[in-house]
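Here is how the chains run, residue by residue.
2 protein chains.
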Amino acid sequence: MIKRLTIYGVGLIGGSLARALKAAGAVGEIVGYGRSLAPLQKALELGVIDRYETDIARALEGCEVVLLGVPVGAMEQVLRELQPHLAVDTIITDVGSTKGSVVEAAVKVFGELPPRFIPGHPIAGTEQSGVEASFAELYQRRRVILTPNEQSDPQALEQVRWMWQQAGAEVIDMPVAHHDEVLAATSHLPHMLAFTLVDTLARLEDHDDIFRFAAGGFRDFTRIASSNPQMWHDICLNNREALLKMIQRFSDELATLSAAIERGDGEALLKTFTRAKAARDSYCENNG
Amino acid sequence: MIKRLTIYGVGLIGGSLARALKAAGAVGEIVGYGRSLAPLQKALELGVIDRYETDIARALEGCEVVLLGVPVGAMEQVLRELQPHLAVDTIITDVGSTKGSVVEAAVKVFGELPPRFIPGHPIAGTEQSGVEASFAELYQRRRVILTPNEQSDPQALEQVRWMWQQAGAEVIDMPVAHHDEVLAATSHLPHMLAFTLVDTLARLEDHDDIFRFAAGGFRDFTRIASSNPQMWHDICLNNREALLKMIQRFSDELATLSAAIERGDGEALLKTFTRAKAARDSYCENNG
Numbered sequence: 001m002i003k004r005l006t007i008y009g010v011g012l013i014g015g016s017l018a019r020a021l022k023a024a025g026a027v028g029e030i031v032g033y034g035r036s037l038a039p040l041q042k043a044l045e046l047g048v049i050d051r052y053e054t055d056i057a058r059a060l061e062g063c064e065v066v067l068l069g070v071p072v073g074a075m076e077q078v079l080r081e082l083q084p085h086l087a088v089d090t091i092i093t094d095v096g097s098t099k100g101s102v103v104e105a106a107v108k109v110f111g112e113l114p115p116r117f118i119p120g121h122p123i124a125g126t127e128q129s130g131v132e133a134s135f136a137e138l139y140q141r142r143r144v145i146l147t148p149n150e151q152s153d154p155q156a157l158e159q160v161r162w163m164w165q166q167a168g169a170e171v172i173d174m175p176v177a178h179h180d181e182v183l184a185a186t187s188h189l190p191h192m193l194a195f196t197l198v199d200t201l202a203r204l205e206d207h208d209d210i211f212r213f214a215a216g217g218f219r220d221f222t223r224i225a226s227s228n229p230q231m232w233h234d235i236c237l238n239n240r241e242a243l244l245k246m247i248q249r250f251s252d253e254l255a256t257l258s259a260a261i262e263r264g265d266g267e268a269l270l271k272t273f274t275r276a277k278a279a280r281d282s283y284c285e286n287n288g
Numbered sequence: 001m002i003k004r005l006t007i008y009g010v011g012l013i014g015g016s017l018a019r020a021l022k023a024a025g026a027v028g029e030i031v032g033y034g035r036s037l038a039p040l041q042k043a044l045e046l047g048v049i050d051r052y053e054t055d056i057a058r059a060l061e062g063c064e065v066v067l068l069g070v071p072v073g074a075m076e077q078v079l080r081e082l083q084p085h086l087a088v089d090t091i092i093t094d095v096g097s098t099k100g101s102v103v104e105a106a107v108k109v110f111g112e113l114p115p116r117f118i119p120g121h122p123i124a125g126t127e128q129s130g131v132e133a134s135f136a137e138l139y140q141r142r143r144v145i146l147t148p149n150e151q152s153d154p155q156a157l158e159q160v161r162w163m164w165q166q167a168g169a170e171v172i173d174m175p176v177a178h179h180d181e182v183l184a185a186t187s188h189l190p191h192m193l194a195f196t197l198v199d200t201l202a203r204l205e206d207h208d209d210i211f212r213f214a215a216g217g218f219r220d221f222t223r224i225a226s227s228n229p230q231m232w233h234d235i236c237l238n239n240r241e242a243l244l245k246m247i248q249r250f251s252d253e254l255a256t257l258s259a260a261i262e263r264g265d266g267e268a269l270l271k272t273f274t275r276a277k278a279a280r281d282s283y284c285e286n287n288g
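As they're listed, the protein sequences go chains A and B. FYI, the numbering for the first sequence is 1 to 288, going by the working numbering. FYI, the numbering for the second sequence is 1 to 288, going by the working numbering.
To be clear, the hints were calculated from the coordinates, so they are not data collected in a lab. Just so you know, even glycine gets a beta-carbon here, dropped at the ideal spot from N, CA and C. Treat the hints with caution; some may be incorrect.
Which stretches of chain A does chain B cover? Using the computed rule of at least three CB atoms under 8 Å from a CB of chain B, they are [stated by the list, open to error]:
(1) 98 to 106
(2) 127 to 133
(3) 183 to 194
(4) 218 to 226
(5) 264 to 270
Next comes chain A alone, as it looks inside the complex (with noise of 0.2 Å):
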């Protein structure tokens, strides 16, 4: 039992874990706080969370775990706004997409990642955002990465991962350079394909037509440039080393195949093609 858990940003991911909470009994009291109060309000509206508080210091007081749901680029101005109010035994976590980049926002403000700051990514959400669209499921069956390093604490390091298993979700404990290369593969690449393919078609002149013919395939296929543009912004500036060396690589693989394409190689193409479909079938097989 989490006796008080703040969480600071209650969006789609800090309310769904609020609401999963809840709902498991594994929470006292939850405390929201934000930069704007209209999403604190609808959250306390829909029984999201149990107050909120609009000064950092009466937020924090007596909370024994604090949830930072912010975009990545606002975390070290979070952390700067935290410090001087955290007690000593309070538990930090995060929902950040990207890791490296939050150990170094953590760096620069502590000097160091304390060691009650447990870096997390539940690899959970939709192309909404937003408390309204928030769910107490969202994270059933869904796994959750947790970055500690060896100056961890091991009770809150179990603290969090308790939370996060109340919510439904199988928890993993990775090195932060491996979850941000694994990521930028799986998440943050098909992310930047998906805009890139919408924004080229919408860019070409009779992009009416274009989109008029479009089958069903494209709507599933693109569903994820539907995602918050700000949120996708700081990603990127926030692991880009890992993702230029994905889209590096997808680039190289994309004009082998369009020389294939060019130089009419149907054994080449047919190879790719069957191997893609070798791995994305394994890949429903293995999960469900």
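Dock chain B against chain A, hints included.
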């Protein structure tokens, strides 16, 4: 009413049309024909066709419309097989995903696009294939593009239009070259990106871990990478010019995005993502 419809190649596309026309009472008899026996027997068992023939002359006997449900790469050979047995009043149509190459094949075989050959392309399908995957509702509220030319027989054109309308589709006429450009942008390019993405990840050293942490968005984004490799091989080789142009445009935009990430140009990123999100959201609003 079409008294007798012959379907050459009874798979997902031909099978679904057969089911829809039967459900609408729009067809007398449906005759199946194809290179291998197994799908024809399956189609007969499932009640998708009324009978099948193993001799092309018998398959075309008394047939009012012949639908070519074969991969675009097989079109020329199939037309050569048909030619000696076609009655002068038989209407031909096809369902190929590329239209320029189909017209070329017809010109090679007949010396021109026969006036009663109306090239067509239903913008519908799933990543499945085969008659087992066929269903009568596949074309409901979907679009079918026909690419007649100035020599096309108006009565044949109206018959093919009527047939697809009976299956629930909206039928649109379009010049061949425009069809191939629009489809390169909305279907062929996205498939190339999905195949290439999955293949890129499958070739990474830690691909097991990579796929393990792929989230829900990844499943949607890569669904089309489970499509039939042979069919996509054919499409690539038969819409080379338009597809290569689209891949180039996409690659240029991806390089621009990558450069913006590299130089940390948040403004450019935000602008691109915002424009893409607006285009995608508006596409969804306009397409239910």
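Could you tell me which of the numbered hints above are not met by this structure, giving the numbers in increasing order?
1 and 2
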